[in-house]
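Asker: Residue numbers (our numbering), protein chains in the order written: chain A, 1 to 400; chain B, 401 to 660.
Treat each hint with caution, since some may be false.
[Unchecked claim] Here are the simulated DSSO-like cross-link-like pairs (lysine-lysine), alpha carbons at most 27 Å apart as the crow flies:
#1 A:K16 - B:K571
#2 A:K13 - B:K528
#3 B:K573 - B:K590
#4 B:K474 - B:K571
#5 B:K549 - B:K524
#6 A:K394 - B:K549
#7 B:K487 - B:K571
#8 B:K528 - B:K474
#9 A:K16 - B:K527
#10 B:K549 - B:K528
#11 B:K528 - A:K394
#12 B:K528 - B:K590
#13 B:K549 - B:K487
#14 B:K590 - A:K214
#15 A:K102 - A:K339
#16 A:K394 - B:K590
#17 A:K214 - B:K524
#18 B:K524 - B:K573
#19 B:K590 - B:K527
#20 B:K571 - B:K590
#21 B:K571 - B:K528
#22 A:K125 - B:K487
#23 A:K214 - B:K474
#24 B:K487 - B:K474
#25 B:K549 - B:K571
#26 A:K394 - A:K214
#27 B:K527 - B:K474
If you are wondering where the hints come from, they were derived from the structure by calculation, not from laboratory data.
Source: prediction; values computed, not measured.
Below, each chain spelled out in residue letters.
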Amino acid sequence: MSDTAIDPRYGTKPPKRPLRLSWGDERVRGIVYQILVVGIVGSIAYWLFSNTMHNLEVRRIATGWGFLEREAGLPIAEFLIPYDPTDTYLRALQVGVLNTLKVAVIGIVLATILGTILGVLKLSKNWLVSRVVGAYIEIVRDLPLLLQLLFWYALLQGLPGPRQAIHPATGVFLSNRGLKLPFFEWEGPHNWALLLMLIGAVGTYFYRRAARAKQMADGQPRAIWPAATVMMLVVPLGAWYAMGAPFTPDIPALRGFNFQGGLTVSPEFFALLLGLTLYTAGFIAEIVRAGILSVSQGQWEAAEALGLPRGRVMNLVVLPQALRVIIPPMTSQFLNITKNSSLAVAIGYQDIVSIANTTLNQTGQAIEGIAIIMVVYLTISLSISLFMNWYNSKIALVER
Amino acid sequence: MSAAETLHSSVQTNAPPAISLAGVNKWFGALHVLRDINLDIALGERVVVCGPSGSGKSTMIRCINRLEEHQQGKIVVDGIELSDDLKSLDAIRREVGMVFQSFNLFPHLTILENCTLAPIWVRKMPKKEAEALAMEYLERVRIPEQALKYPGQLSGGQQQRVAIARALCMKPKIMLFDEPTSALDPEMIKEVLDTMVMLAETGMTMICVTHEMGFARQVADRVVFMDRGEIVETGEPTALFENPQTERLQLFLSQILRGH
Chain A
1 MSDTAIDPRY
11 GTKPPKRPLR
21 LSWGDERVRG
31 IVYQILVVGI
41 VGSIAYWLFS
51 NTMHNLEVRR
61 IATGWGFLER
71 EAGLPIAEFL
81 IPYDPTDTYL
91 RALQVGVLNT
101 LKVAVIGIVL
111 ATILGTILGV
121 LKLSKNWLVS
131 RVVGAYIEIV
141 RDLPLLLQLL
151 FWYALLQGLP
161 GPRQAIHPAT
171 GVFLSNRGLK
181 LPFFEWEGPH
191 NWALLLMLIG
201 AVGTYFYRRA
211 ARAKQMADGQ
221 PRAIWPAATV
231 MMLVVPLGAW
241 YAMGAPFTPD
251 IPALRGFNFQ
261 GGLTVSPEFF
271 ALLLGLTLYT
281 AGFIAEIVRA
291 GILSVSQGQW
301 EAAEALGLPR
311 GRVMNLVVLP
321 QALRVIIPPM
331 TSQFLNITKN
341 SSLAVAIGYQ
351 DIVSIANTTL
361 NQTGQAIEGI
371 AIIMVVYLTI
381 SLSISLFMNW
391 YNSKIALVER
Chain B
401 MSAAETLHSS
411 VQTNAPPAIS
421 LAGVNKWFGA
431 LHVLRDINLD
441 IALGERVVVC
451 GPSGSGKSTM
461 IRCINRLEEH
471 QQGKIVVDGI
481 ELSDDLKSLD
491 AIRREVGMVF
501 QSFNLFPHLT
511 ILENCTLAPI
521 WVRKMPKKEA
531 EALAMEYLER
541 VRIPEQALKY
551 PGQLSGGQQQ
561 RVAIARALCM
571 KPKIMLFDEP
581 TSALDPEMIK
591 EVLDTMVMLA
601 ETGMTMICVT
611 HEMGFARQVA
621 DRVVFMDRGE
631 IVETGEPTAL
641 FENPQTERLQ
651 LFLSQILRGH
């Protein structure tokens, strides 16, 4: 191979070929095809738009966004921001978006963790482990998600009532009203402790970077966990203690026909989260397995022959290469969780689809309702895609 | 090749052997791939292992740094016996460098990072020092100008020279070569062989699985001929090639020479 730095042709441009006006010229064909495609897409869009406007006019259907300011009168069972049926449709839709985000974000995190563990386990040399995981993956991938959601929901509905609730530990109740967990009264100092913990997490990130830089300077690797413990645990707990250590346990207890107090996970949310997580984890497991297998055995051997211990081989050599295979299909799975969460409507979890659906039934403004659903999903999906593509390009491989 | 061109031997016969294999056996399932291998290699000795494909030569040298596990017998490297003990395995791998047929450079790291990875994480060397060391060896395999490129941007011969430099950065006492030129075009074979000759001149203990007979004549103190998992014949290269004692070696040599 010649050295490009001393190649005299290096840096010059190839001569431009003149355009030949003939059907035999590839570029002429390309231009003609492009004009055709743009024309067809444009006319379809125009037809759809004018047709819609015409029909709306003929049927005297009101359009516009005024309904968002009207009172919704729509009961919502669970909400992350304060909500009351007397609030506006806008508020109701916001609650729906947050409910969608809640199940999608928690689902993505849990499915990634579970899927990664399953993917690694499927590669296990232990026959029983790999077969059990393989069977699990086949089952969850082969059955329709809607069926699985209905199964989990029916299973949770089949649990005993509050009076006969499964009661494995103090304050923990599993019944057909959902899962009840003990919690404590949330007060001001808890906010501060939480804030300090988050600051500690950021601090740990920078500490890790500094420790790595120091190791590069003097060669000595440093343990991260002591500083991480102090920043993320000791300091927040100390602050909480200094502020009077408020702690009022809030333990759920049976009062009459239902539970009072504690933290509630509704059966709808629980079934949806369970279904989405278990289903998507099956796909993620296969993606992770394929990613690890895509790194050749030779890479393991070369790194081990250099004396690197297995954990370091994984971190420094195999994972960085596996990730570039894993990330693009993983992005699809994250998008799938987000979009599949719309199946919530089947089991009565009030996500954006469910609430927008009710809204359009009550107001009759179908186009706006559907548009809202599309814009919400598009926004979430594009955000995930943008982030993942940025991450992917950051770890991309240089070739040629 | 004339005898004048052969290297001066640097074998240290009075020291304990660098590598000692005694009664080593290995099976892949029912296939008996190594049969009762006995071989002592002295410090500074350069051994070429040859034989038809499937004769177990790669498996044998891969047992020396335990990329393959032997099932019977004893292997001692640099005074440490290979066992299930991970500590002794780490110690041996630090002292034994290896070069593979398919280079196995890390494609996500630059040439320089490929060379500094093990010194930094295994030898606990400061980055600057590791980089200086890496540049020194890249200089020696004559590709320092490629240091900031990625493996995918280099030719096969250049990649293999980087692989040699990467192994040397760990300052090993012993170097294993597993068919280092078999995946290369003829014009690149020479640049890699030249690098290996240069390494031999420094007195490195080398075991090299190769079919390059010219290299064997020029560099090897001893040639080991393997067939069907056994060591069939060993000897000084000229004697072995010109006066083969066994029919199997005669057959092998005639096939090799016909190919040239």
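Asker: Check the structure against each numbered hint from earlier and tell me which ones fail, lowest number first.
Answerer: Those not satisfied are hints 1, 2, 8, 9, 12, 13, 14, 16, 19, 23, 27.
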